[in-house]
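Asks: As a plain string of letters, each chain reads:
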Amino acid sequence: MTGVAAGILHFFRQVLTVFPNLIRLLLTVCTRAHRTSRRFGDKMPMDCLPIPSGVYLRPDASIYSQSYLMSLGLAVTWDNPDVTLTGTGGNIIGSHDLLPSTLYKISATIHNRSNEAPAPGMPVTFGLITFGVGGATVQQIGSDVVNLPVRGAPGEPVVASVSWTTPPVPAHYCIRIEAVWADDKNPLDNTGQHNTVIWKVRQGEALSLKIPVRNTLQGARLLTVAMHSYELPREPLVRHGMGEHVHQPRETDEALTARVVAAIRPELFPAPAAWSPALTQHRLSLEGDAEAQLEFTATVPATAPIGSRQPFHISVAEERSGLPLGGVTAIFIVQ
Amino acid sequence: MAFNHITSCIPDGQQKTKGQVMLEHGVPAIIVGAVIGFLLSGGSFLAAAAGFGGTIPLAIVTGFCDWWFHYRLVCIKDDQCAVGTVGLILISRGVTDPDLDYCINLVLAPILKDSLLNAKEQLPHLPPINRKYLEFSFPDLPLDGVDKNSTEEDEGGIAAHGVKTGTTALHCEIEGTGMKAVCAAATAAGVVGAVAGGAAGAAAVAGCLASGFFFFFCLVVAAVVAAVTSAAVTGVGWVIGVIIGGEEGSPNDVAADPDSGRVEVGDHVAIIGDFVYDSAHEGWNELHPVKKLLKLPCATGTKVPGVDPEYPNSESSKAAIEKECVTHLAEHGADICFMLSQPRDPAVQNTQGLPSRSWAVHTRLG
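Protein chains in written order, with our numbering: chain S, 327 to 661; chain A, 636 to 1001.
Bear in mind the hints are in silico, worked out from the structure with no lab data behind them. Do not rely on the hints blindly, as some may be mistaken.
Partial chain A-side listing against chain S, Cβ under 7 angstroms, derived [claimed, not checked]: (1) Thr652; (2) Leu658; (3) Arg897; (4) His916; (5) Gly1001.
Here a beta-carbon is modelled for each residue, glycine too, at the ideal position from N, C-alpha and C.
Bound conformation, chain S alone (with noise of 0.2 angstroms):
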């Protein structure tokens, strides 16, 4: 028992021999730690950061794009219901049957999915291109800078224009309008194109019109030439779980989407075959960067009503992958 005691009493005597030495020990870790602490300020500088979903906006600007809705699988009219070319009466023009030397406006509306991420001083381009289907660039029309408010705020959609005098020597054009947000949520709705030719036509005409074809992507490619006369609906799709539907749980965006597509498939819109309507060619194999001709043939049917109007909708895309490349609307309304 004496041992046991004499034992702990060395051990204690151990202890308090060191315990100066272990506190000077201890200080010194927390000096050093402080210097650490303060010099680096306990952060560390990084070139870049993450920012959280919730936090980061993106906007999410949205033009009618027919290269979006087609990779869908939706039928379009390249009658952009989002633009509008008038002349300085007011009056409505189609692109393909622009004046020389002439002055017209140009306006594009442009919505936001985003209920959060408004897009201040958003710039909107609008492009020139040769008529036809991948027509190339021609020339910056110019630009408006707008602000693009979140969903359903007042000012959004907005509106964006330009005021254009078209080149002297005589040509057949499209409009190409395109949203620029570096950020947006879904970029392959930015763009838009605009690529009409509106006709007046008489009952019994025989119609053509030909339509130059540029394939864009790299290397030969298999394209597909479709046609159809959609028409957009008179009332959008509404979510379900909303509105009258509000008893229903309140239904996705892929829900939605999908039931969008359905109600949108260009089989379900066929061109009327009273008006004899025909392709020169359905299929074209072509180059990168070679241009066919393709013509649009028809005729007014002679019981069409007088003041009637019928679409012709004209879409070209790689048969292998679906890539939209293009199309036209050719309107004709009948005198």
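Starting from the structure of chain S, add chain A where the hints point.
Replies: Just chain A now, with coordinates in the frame of chain S:
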């Protein structure tokens, strides 16, 4: 992933220092520790001293965490907006600062990021939307540290000889979750440490008395041994908390989310966050937490005034573009901030709830 909001701010006048809160936690805790030690030992004052010492680290941890989460930030105004240039990006990490917060020091428009201007020099140039961040909000909240946040990480951009090397900026903090894990682990370890410390203190007392030392000396030994043992266990808990906190909510974690974004030094942004005064440092205003961040575009090209059409990428052209950009942001900052505030407007929310405004593909299609 929404923003983290673990800390809360308190009205002016109710803020407390770290020491105050630790004392408020410490006094009751160590009394309880001493009483438990006294009772468990059947009335030994030496055991009470061990209980007293063993509880100190736990009290320090709970006091520190309570202060960190609830008493260091003074509320000024919620959901405020600032517009400017990202001047510096910092992340907290490691054992000494494990909260995994990440910060943006925002140079307020129209101040140029590399201007090296301090707060006093910037104030006359700032529009109202940005000026308030560098001004006093309450008379009792000194802004002694206002120039500590700058485009340089070291000492607020002041070099050794007092030469300014950084531009004063608004500190904007995105909260991490690290401190939550650390406080939970350290508190749990603090409880274990209090028990272990008490036991170690009691053992030390036995040895001390057997050695024939004076009673009061053994009382001190009991308390010190208990405190050191408890501190060691609590410290281990702190480190475990740092490890547990790991990557959750950290930049690496955030970057793995495909919907996350990215900002870089030099980007122009608008930030919405709660406008608070941080009393933990020398005293400065900040946006904490950052709730929304929007990257802003700037005009480029030869149409920008001052850009050399022949050398649009020259340093002078770049400087002209930057100057035009921050000037534009300052002029339109109020509009930008208004647009960012619109989603909180009930009328806008109502409109967004209309079926006609809830399209997925295009407004004309559904």
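Asks: Starting from the hint list further up, note which numbers the structure goes against and sort them upward.
Replies: When the structure is compared with the hints, numbers 1, 2, 4 turn out to be violated.
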